[in-house]
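Participant: Single-letter residue listing:
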Amino acid sequence: MIDRLDNLADLVHTPLFGILLTLVSYRFALWVYGRSNSLPLFHPFLVASIPVIVVLPLVGVDYVEYRDQTTLISFLLGPATVALAWPLYRQLHTVRSVLTPILIATVLGAFISAAIAVGLAWWLGAPAEVVGSLAPKSITTPIAVEVVQSTGGYVSLAAGAVAITGIVGALAAGPIFRLLRVTDDRIKGFALGLVAHAIGTARAFEYGEKAGAFAGLALGLCGLVTALALPWLWPWVAQYL
Amino acid sequence: MIDGLLILLFFQFLGEVLIRLTSIPLPASVVGMVLLLLALLLNAPFSQRVAPAAGALIKHISLLIFPLGVGIVLQWHRYEDYALALGVAVVLGTLLSMLLVTLMLKKLLGGKHGKSRGGSHD
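If you read the sequences in order, they're chains A and B. Quick note: to get this note's numbering, add 351 to the position in the first sequence (first position is 1). Quick note: to get this note's numbering, add 169 to the position in the second sequence (first position is 1).
So here's chain B without its partners, still in its complex pose:
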């Protein structure tokens, strides 16, 4: 667990260093994620040690996030004027995206490799 956390923080730090050196407009943690992915693909010797900490953090991601989300309600005065735009963009937008993305995937992936039988669970 400690090893994993150490590795994750180290790669986030590397991301931070890289961003400060190059001034690319990306979040440090995303750069850290890319660097860690590259290290894993290159078979870094520590790969198995990342798993426990990574698993725990990802499993409880809602805990890390919802304290930021409550701001929507507690600072509603900031957003109330745009409630309609927000609602439509989020709800209708998601329905439209789901429809279009599924259609696109049917075109791109359909027919290739073994199709699984209708609705069956593997």
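Next comes chain A alone, as it looks inside the complex:
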């Protein structure tokens, strides 16, 4: 009997357990998100994390083991990043007329977001790895977790910082647009996509199709520009940290 129970308990050390826990948590998070009418505060990233964070210590599986169990899931981040070319391609068509200012805005905006995060963290005394984890915080997560490896940061921290950035950006957008008297849906969408990536894009669609399309474009371009620039620029930034 004891042997059988031990056998059963060993089940938590298999990929099947980790993947099942991940899917159940995600399914639960989707349900909560739907019930909350897609409130940014109840984003699936945050809600899905809770059951995993509670269950893993209870069954005695540490984070490194869980990460190994779920390799199959994280592997899909690669093709998911490649997949971003598709919406980018679709949206490039819709904004051909304002492409030049859009590209300038992307480069400046990507720089502003990264520089502010890096500057604040550095000023408050965070070590180089933590600062490096925050540099890609305004870009979409699949690209961010790839790029963070070139800045010597932590993947977990980058993923979390990206999610919180998206949530804060989406929540702050309304008040900021009112404060600055923004009435142009293109600006609302582009700002949301640029600073708050996918979560901001979901918020932008509430302003309408046009805002959503501009947000999607900003998300793709900002991720691309940051991914292309950061690995080259970082060694130069890092020597001052």
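Please note that the accuracy of each hint is not assured.
[Unchecked claim] Here are the computed distance ranges between Cβ atoms for each label pair: (1) B:Ala225 with A:Glu560: 13 to 23 angstroms; (2) B:Phe179 with A:Arg355: 42 to 52 angstroms; (3) B:Lys228 with A:Arg355: 37 to 47 angstroms; (4) A:Ser448 with B:Leu211: 17 to 27 angstroms; (5) A:Val375 with B:Leu190: 35 to 45 angstroms; (6) B:Arg247 with A:Pro586: 16 to 26 angstroms; (7) B:Pro214 with A:Leu362: 41 to 51 angstroms; (8) A:Ser389 with B:Leu211: 31 to 41 angstroms; (9) B:Gly279 with A:Asp419: 46 to 56 angstroms; (10) A:Thr445 with B:Gly279: 18 to 28 angstroms.
Honestly, the hints are just simulated from the structure, not real lab data. Ideal Cβ positions, reconstructed from N, Cα and C, are used throughout, including at glycine.
Starting from the known structure of chain A, fit chain B onto it as the hints suggest.
Facilitator: Just chain B, lined up with the frame of chain A:
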């Protein structure tokens, strides 16, 4: 779906090949994304087949990501000393970025092409 996945993995593989040949410091998947974008802009014959797999992966991106994010809490001892710097950089930093980026966009895009009416939904 299978066609789409095949195309995505193939372009990621191309990215990997290119990186190994040139040793450019970029993630393979980002290079794959650029290559796929170029192929789509050049009207590659498979463009419609990418859509189902691309759509499904992007829709459920949170599922692919959050198992990495739980590390923040489960390895908190690594980060607790910098909690203040992290909180300020992420929360205040995002507010500042949003403010500055919106101002910049007003300068760059404001006044050009048909402005939409205040707060109206299209």
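Participant: So which of the earlier hints does this model not fit?
Facilitator: When the structure is compared with the hints, none of them turns out to be violated.
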